[in-house]
Every structure is written in C-alpha cells, then in structure tokens.
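Using the hints, put the two standalone chains together into the complex.
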Amino acid sequence: MNTPIELLFLGLPETGKTTYFVALDEVLQRQTDKHGLVSGGFSANRSYIEKAKKAWRAGKAVERTSLMTTDEQVELLVRHSKSNTTARLTAPDVSGEFFDDQWADRKWAISYRTRLASVAGVFVFINAAVSGRNPEMTEAWKNLPQGEMPTKPNPWTARAAAKQVKLVELLQFISERGQTRQPLSLAIMISAWDVIESEKSPKVRPGKFLEDEWSLLHQYLQANPELFRSRIYGVSARGGDDAAQTKLVQLSPHERVWLKDDAEVTKDLTRPLRWLLDWD
Amino acid sequence: MPRCKLKNCPYDKDGRCVENQLPNCPNLLPDEIENPVAQEAKPLATETIRTSPQYEALYSGKKLTAVEATQILQSRPAQVVVLGGMVESGKTTLLARLFEMFQSKHVAGHRFAASRTLAEFDKLSWHATMECGAPDPKTERTDRSENNLFLHLRIRAEDGSVPTMDLLIGDIPGEIFPEAVAEERVCLDLCALRRADHLVLFLDGEVLCDAANRHDPCGKVSDFVFRALQTGQIGRHTILHLVISKCDKLPSDAGNEVLAFVEKTEKLFQTQFTNHFGSLHCWRVAARPVHPVEPTVAEISKIFGLWIGNSHQSAGTSAQMPQRLDFSRDFCRFGLSHKPL
Chain P
1 MNTPIELLFL GLPETGKTTY FVALDEVLQR QTDKHGLVSG GFSANRSYIE KAKKAWRAGK
61 AVERTSLMTT DEQVELLVRH SKSNTTARLT APDVSGEFFD DQWADRKWAI SYRTRLASVA
121 GVFVFINAAV SGRNPEMTEA WKNLPQGEMP TKPNPWTARA AAKQVKLVEL LQFISERGQT
181 RQPLSLAIMI SAWDVIESEK SPKVRPGKFL EDEWSLLHQY LQANPELFRS RIYGVSARGG
241 DDAAQTKLVQ LSPHERVWLK DDAEVTKDLT RPLRWLLDWD
Chain V
1 MPRCKLKNCP YDKDGRCVEN QLPNCPNLLP DEIENPVAQE AKPLATETIR TSPQYEALYS
61 GKKLTAVEAT QILQSRPAQV VVLGGMVESG KTTLLARLFE MFQSKHVAGH RFAASRTLAE
121 FDKLSWHATM ECGAPDPKTE RTDRSENNLF LHLRIRAEDG SVPTMDLLIG DIPGEIFPEA
181 VAEERVCLDL CALRRADHLV LFLDGEVLCD AANRHDPCGK VSDFVFRALQ TGQIGRHTIL
241 HLVISKCDKL PSDAGNEVLA FVEKTEKLFQ TQFTNHFGSL HCWRVAARPV HPVEPTVAEI
301 SKIFGLWIGN SHQSAGTSAQ MPQRLDFSRD FCRFGLSHKP L
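Protein sequence lines, in the order shown, are assigned to chains P and V. Start counting the first sequence at 1; every next residue gets the next number (the numbering used here). Start counting the second sequence at 1; every next residue gets the next number (the numbering used here).
Looking at chain V on its own, in the form it has when it is part of the complex (with noise of 0.2 Å):
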C-alpha cells in the first residue's frame, strides 16, 4: 500500500486523503520497498544464498492502485468492474467464491492465465478454508483503505480462438457506499467508476426478509445508481447489475411476502434505470450458501461471462452525461491520463 508523507493525512488510517488529490495525491509514497505480501517473521534465507546478497522486489501480489490499473488499460483489451453496496451485502464473497471457482474449474469457458493481485484473491477465501480453522465460513471485509484498488485476472477462451483479456475488479467498501449517497464529493472520487464497464450492486437477501430494516439498504441502492448517474460517472457505457445476494436466506415458498417484495424491487430497478444504461440485469447468488444449499456456480458463471464479454464504452459518450466529463474515452475514464504515469 502506499503511505502519505504528510503527518496530519488520515490517508494510512482510513484512505481518505487531507488534500483531497487521490488518486494521483503527490504526497502518496510508493510501496516498492515495503513487503506487504510477507505476514510472518520468518527471514529470508539470505544466509543460504552467500554468494548473491543481492535481491531484487518482484511485483507486491496486492490489489491495484488507480495508476497500476491504468497501465494495463493503456496496453491490453480489459474489462473494468466496480462492485458496489452496504456492508456485509456479499461483494467480497462473490468474488472470493469466483476465485474458487477458477481453482477447481474453468469459468464461462475461460481459463484462468494471469493475475497480478493472487495473493489478495487467496486472502479472500481464506476465512472459509479449513486451514484457517474459524468455526464457520466467512469473508473478511474489505477495509475502506482498499477504496480506489482493484483486482486483477486475465482470462483466456478455452478454445485460444482469441487473446488474452484483461479484468480490473473495484469493490468500493461498504462503510464508503453510503457516503457517496450523501456527498458528491465521496462519490466523485471513485475514480473506478467512470471507467466502469459493468457496475455490480448488492443487495442482502437475509437483510430483505426484514420487513423493517430492507427499505434502507433498497433505498441506497437506488440512490446511488441517482447519484453516479447525476455526477456523469456512469451512464449507457455502463452495464448495471443487481444482485440479491445470499438468496438461499429467502423462503422458497411461491407467493410468500418476502418474494414478492424482492421481484417488486427488481421491477422496480429495472423501471427506473433500464433506459439510462446500456443494459441492465438482475440476478440472484449464493456464493457460501449454509449447508446443504449449493453455491449457485451456474448463476455466477454467467454473471462472470457477461463481465467478459459485453462493454459499453466503445459506443461513445452518452448524451446525457454532462459536457464536463466529455474528454476522450477509455484509458483516460480513471482521470488519470491527464497526468503523466
């Protein structure tokens, strides 16, 4: 992780930045040096290598800052997908079950080929291994210092028949979800957000059984998708996405009120923002399921193909996003490429 020179910064405690500069901050110091992946004191064998003291940093295995993944937007096809939603809504399991899945499996009929952050996507999983030895499965959430990082993955069709691509995943932290709602400026600096191919909202399905405390996090929701559609940050060259998530959590019995509020709040989702993006999809996972309910692979495969294989941002800027965000296209939507790399 970078690290702020300036003193007064919260920017090491909770990545909000005094300046206000993020995520080109010129205060921020590189993490060349500093080995983030190495948790434990074991020492290097240095002693064992006598006649090559010399070592040289290999690349961290920790998420990307904005500038790592605009050079990959600069030089390969990728894909950018930001996830988005309150705390605990299930962005970090998907994610973690998707890297699972990738180790037992091709997924939507691509193979793994590269990533850069594995050390972060092994971490994800971690709390539902056995070897971590925790009483039950669970995802660490992401901390609001990882707002503006993103994973990576390059994928490749099974069949070779084309090249490799590119994903670049943001999960804006739940504690920073609502705050965009209420401050233009928060959301403004999801940098991620304008580059972003497909924008994936989360919705808790357990959360959604109670009566009194759902209307908040659908309210969020909706509000943000206003509120990033208000800013010019997304728009037609976005694909929107809305996943209720944990959906074993819902009663399977047909015509029960708690399904009947769900389906009305995809409908309703779908009413209101269908014509403002490029399309709009509704899905509902399970990624760690309580036993004996299955993770529902088959829905995040696809959820997963369509990442991969549908974009928006070729078709030129959308006439509804305000005039000061028209500058050109692409490598440049994290508003970095005004400054030099």
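Chain P on its own, in the form it takes in the complex (with noise of 0.2 Å):
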C-alpha cells in the first residue's frame, strides 16, 4: 500500500485531463460497478481536487489546469476489490501547455525525466472534438470572399503544428529519452466522447476513431509493440457540453459520466485505471 504508484496525464492544452481526474475521484467514492475500484479513503491533501470538483459538480466545464509546478502531486488511494489491494497512484497534474512547451522548445526539465523512469503507466488524452490534422485547403475556403480572406499568409510555427504529429512526437521523447519500462502501458482517453455520440445509442469504437481520424498517433502505436502497449476508450467525464448542462444536473455528478471501451458502454472510469495496473 505504501510504495506509491505513479502516472503520468499526457496531453495538449484542452484535452479534459483534470476533468477525467476529478471525475475519477467522485466515480472511486461512489464506485455502482462491482469489478470496478474503489476509493481506499483520502489523501492527506485534496484542495486541488475539490476546488476543481465545485464546477464539475455544477456541470459546468472545469477550468484549465493553471501552469503548475512538476513537482506537485495529486494523489489517489485506491482499493481493488477482488484481490483486496490498495495502492497510492500519484500524478502530477500539469498543464497541456507543459507539454506544448516541450514540442515547440525542444527541451524539457530534467525532474520531468527522472520522474519518467518511475512512472507505472501513463493516460494519453486526445479532445474528440478537435482534428488531429490541420484540415487541407478546400475549394470552400479559396471561395471565400475576397474580403474575409486573410491578407497575409501566416508563416509556420511549431505551436500551429497538427495535434496528432505533436503527439507523436512527445511519445518519441519519452521512448527516446525517458528511461521509462518498455513496453510503457498507454491508456489513450478520447475525451468529450458525448460529442461523438450518445450514451443511448453507441456505434462508433474509440479504436476506429482513433485509427480514422488520429491516424498518425494510431499507426505509430500499432508500429512500436516494442515501446507501447496501448487500449483506447472514448470517455464523456463531464456528460455533456455546456448546452447539456440543465440536464446534466438533474443528475448526480457520478450518474452523468460515461466511458466507451471498445463495444461497450460502462459508468466505470476506473476500468482504463484497472488496465494500467493490470488489475482487470
């Protein structure tokens, strides 16, 4: 119980890590699925955690993660039922920046690294809303009137990069250069799933979702066996967007949240945890 268990939250700038994370933990206090994990109790210091919950709770959009320290861990005690184990999962919540910084820079902090070495598996965050690629000029868009089109071209720059070569590429670094446990376990968390498609009726597979329209971060995890293991789950952590809300609090926060693993629908969002760990 006591040696703590770390994982990272990989992801650009609005991809719903700290949504996924302050769900995680109302879905751990109030677990309804009996494979699924549960809280072990509380960690010394939850500020974070329940500041960020007000908004969730009100179903309102969790506000960005603020750039904050490497150094400060969010910390989980977790039980798994079945084999009556408990564990304490650290990660530190940084920022999407954090890692936007790391492509365009070119450098990363050397405590990132070292802590790499130590991480035991790690969540990928991807928003199902945004393109992985930067859309390719359409005959739409050379037909805009004159006086909408821009006047000047802009130039390139790393931050304008596609999100899916961006990805990629922070993957590299890690396999490179982060010393971690090969093949490192990646849980790949399509958030904002509910954009996608509805609760009531599912039909699209994260899996080919990713493969369709995150093609490149898809073919790079299918080509490096060797260096990743990955399983990809769509998850809606907030239940909705901001037109959704009223509905939203109708119900309980814990009751509005919802993941897609492969076919199946599942109010579980400790099951992308439970592989990680292996503890399915």
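In short, the hints are calculated from the structure, not lab data. Treat each hint with caution, since some may be false.
[Claimed, not checked] Computed spacing ranges between beta-carbons, pair by pair: (1) A57/V x A117/P: 16 to 24 Å; (2) E257/V x S131/P: 26 to 34 Å; (3) S75/V x A117/P: 47 to 55 Å; (4) P155/P x R144/V: 15 to 23 Å.
[To be verified] Among chain P residues calculated to face chain V with C-beta under 8 Å, some are: (5) R133; (6) P135; (7) M137; (8) N154; (9) A160; (10) A161; (11) Q172; (12) R177; (13) Y220.
Just so you know, even glycine gets a beta-carbon here, dropped at the ideal spot from N, CA and C.
In structure tokens:
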C-alpha cells in the first residue's frame, strides 16, 4: 500500500485531463460497478481536487489547469476489491502547455525526465471535438469572398503544428529519452466522447475513431509494440457540453459520466486505470 | 542548423562552404543548444517549474545533417532517396503529400513508426492548410541552405512481419540542380547521391505544356544524370525514377501534341539510361492538383512502395564506377565514414 504508483497524465491543452481526474475521484467514492476500483480513503491533501470539483459538480466545464509545478502531486488512494489490494496513485496534474512547450521549445525539465523512469503507466488525452490534422485547404475556403480572406498567409510556427504530430513527438521523446519501462502502458483517453455519439445509442468504437481521425498516432502505437502497449477509450467525464448542462444537473455527478471501452458502455471510469495497473 | 564560425564563409546564407569541405567542415558549429523549431516568442514556462530549473535539450525535429543521417545508416536498415529537379518542379509537394497520406492512413501497406524530423514534415504541408490562411495551397520551396540535409521516416509493415525500416530523404534544392549540371564540383558536393538507393528526378508537367520552354528542363534532367554517372555517384546501385509532376495540367485528349511530347521524353529517358541503372521507372503524379482533380495517391503509394522495397546497394560496386570511388559500401557512401563521426 505504501509504495506509491506513479502515473502520468499527458495531453495538449484542453484535452480533458483535469476533468477526468476529478470525475475519476468521484467515481471512486461512489462506485457502482462491482469490478470497479473503489476509494481507499482520502489522501492528506485534496484541496486541488476539491477546488476543481465545484464547477464539475455543477455540470460546468472544469477550469483549465494553471501552469503548476511538476512536483505538485495529486494523490488518490484506490482499492481493488477483487484482490483486496490498495494502492496510492500519484500523478502530477501538469497543464497542457507544459507538453506544448516540450514540442515547441525542444527541451524538457530534467526532473520530468527523471520522474518518467518510475511511471507505471500513462493516460494520453486527446479531445474528440478537435481534429488531429490541420485540415487541407478546400475549394470552399478558396472561394471565400475577398474581404474574408486573410491578407497575408500565417507563417508556420511549431505551436500551430497538427496535434497528432505533436503528440507523436511527445511519445517519441519519452521512448527515446525517458528511460521508462518498455513496453510502457498507455491508456488513450478520447475525451468529450459525447460529441461523437450518445450514451444511449453507441455506434463508434474508440479504436476505429483513433484509426480514422488520429491515424498518425494510431499507426505509431501499432508500429511500436516493443515500446508501447495501448488501449483506447472514449470518455465523457462531464456527461455533455454546455448546452446539456440543464439536463446534466438533474443527475448526480457520478451518474452523468460514461466511458466507451471498445463496444461496451460503462459508468466505471476506473476501467482504464485497472488496465494500466494490470488489475483487470 | 549548424553555423559556420568563419566570418567570410557564405555557409549561413546559402549553404556553400568557403573551404569546400562540406559536409564535414571543421568550422561548422553544431546546433545542439539552438532551438530551431521554436518560432514564437512565447517563453518557456520556467516560472511554473520552480523546483526544477534545469532543462535538457531534445532533438530539434529539423532536417538531419549528413553526419546524423550516417549515424542512422550505421545502426539500422535504411534506404536513401534523393529528389532532384528544377525550381518548383514538385519535389517538396510530393513529400508534403506523402506525409499528409500518412496522417490519414498507412501507405503502401506500411505504418508510420517514427520520425526524427516531424517538425519539418509538418512544415512542408503548412501552406496548403486552412490554418495557414493563404489564398491558394502552396508548398514552400527548399532553400539552398537545405542541401545535403535529410528528412527521416521510419516505417513498419502493417502485419509487423518485418522489422522497422528507415528512410532518409534528401531534396536537392532547385537552384543547385542546374549548378550541379554546370559544375562537377557542385555535383560532387551532393553527398547523398553516392549512397542513394533511389534517385527521383522531376519534370514539371505544367512546363511541359509550354512548347518553347520545355526543352531546357528536360535537357537539364538528362544532363544531370549524365553528370552524376560521369562522377560515379550513381550507377547500377541506383534505381532511377522520372516523375512528371502536376500531371493534372497535361491535356487529357489522346493524341494531343503535349502528351506526345511527354511520351517521347519518357521513352528517350528510358532508352538513354535503362542500362546504366538497377532499374528505371517513369511516373505521372499530381500531388496537389487543382480542384476537382484528386491527388494521385495510388501512384504516390506505388512510388513509395518501391522506395521501401527495392535497393541495389548490396549488388556490389558497379563495373562502370571509376576506381577512385571503389571504397567500402553502404554506410560510407556519404563519404563520411573515413572520418570519425
């Protein structure tokens, strides 16, 4: 119980890392799935989680993580009922800008690299509502009225690069320089999954979505089984967008959330965690 | 990019070495500390990592130098592809399309497995994206300072049956291409040619429609082959490709004079050079055609399939190669291995 298991939440800005973390904490307290992980108690300092929870419980978007120190740990105590194992999970809740900076500035904090060596698994977040590619120019764009066209093309900047390109690079940095265990377990979390399909009529498999929409990332993971093992999830950690807020608040917070694991819909947001820890 | 420490050297401006010692000029300063990909003024969030002020550099994501490329060649199975042609003949656009294809799907039965030059690949397509905001899709020309630099791609067969393979892709800047025809010294400076498994030469389809101005680029392409054969940089160990780019600009009616000229050019190219190379292939592609024509992705997949599938490098030194170039093969074909890396 006392050896902490370290996890990493990796994702570019606005990919739902904090929202999932907050929802995961709530589900741990109020688990309804008999196979799911449950809370093993409260950690000493929960102020960060509690602060973010206020908005989330009200059905609102959780405020983006302000740039935090990489040493600031958020801690969850979890228990696996089946094996009666308890673990202390720690994860620095790092802002998406921290990762965007790695891509653009081509350097990382040595402390981050050192920490990677002890990481047991990584949650990799992408946003279902955001394209992995920078879309190619279309006729519709070219036919915009003259006044609506920009006068001058924007020069390429690293920060404007395609998101899947950035994410692949971040994983390349980890595999080449991170001295992590190999293969490293990655739970690919496609957030805002409610944008893709409704909980009541699920049709799309997250793996297929990744293959079609974030193909470069999908190929990279498939082509490197020696470096990474991965599983892909769709997650709605808020339950819906701003337009759905009125409906959302009719339900208890832990009832709003849902997760898509291959073809299966579940309320158990701890499932990716179980998979990362080999607690299935 | 490496920089030259000599004040009188034009290397920083146009990639030429005043002492003619490229790519191993001892006056070049490495770019490890430089941060070439970061273009924006946004500061690193140092203030947010109060307890860990120490940073370490990661690789730049920019094109690889010949030395870096050689390190890959020495450590893994790899193919070297060199693209050449006049300015705006479609070399970079083909590469941009190839990466766009990988961003959407696997290509020629192979998955993207890694790249040391992802930032460069992303940059290739930038002027054809809506994010760029340009009125028309374009591809930025390869600057002459990018001569003897390489894009890197690692791929793996979809079924995972074979190990990963690396590709190093060099793009001879359009300004340098005719200079290499004119001056042997410039041609010999194209260090990638010696190790190229594939040499891909481009003719702009749009230019071929211009009866008066099409002869010079055709002549330049042939002359380039003659020049590089003469220097012994290419030969039976090389697979030669002729790509007619922007083929959407060619007339579609059979029997048209332009099409007849294109066919004649392809045939002449084959007649002149087939016997000098491992094999020779002619292609017609439209990597970024005008709407509503679709890009010729099937054709580009086939070209890529050949790049990763065929090599004549292990066939031994060509009998036609001059004696002076008969040094050990493969890794040293950039002419670097006799010097410590």
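Hints, verified against the model:
{"no.": "1", "hint": "A57/V x A117/P: 16 to 24 Å", "verdict": "holds (19 Å)"}
{"no.": "2", "hint": "E257/V x S131/P: 26 to 34 Å", "verdict": "violated (44 Å)"}
{"no.": "3", "hint": "S75/V x A117/P: 47 to 55 Å", "verdict": "violated (24 Å)"}
{"no.": "4", "hint": "P155/P x R144/V: 15 to 23 Å", "verdict": "holds (19 Å)"}
{"no.": "5", "hint": "R133", "verdict": "holds (5 Å)"}
{"no.": "6", "hint": "P135", "verdict": "holds (5 Å)"}
{"no.": "7", "hint": "M137", "verdict": "holds (5 Å)"}
{"no.": "8", "hint": "N154", "verdict": "holds (5 Å)"}
{"no.": "9", "hint": "A160", "verdict": "holds (6 Å)"}
{"no.": "10", "hint": "A161", "verdict": "holds (4 Å)"}
{"no.": "11", "hint": "Q172", "verdict": "holds (6 Å)"}
{"no.": "12", "hint": "R177", "verdict": "holds (7 Å)"}
{"no.": "13", "hint": "Y220", "verdict": "holds (6 Å)"}
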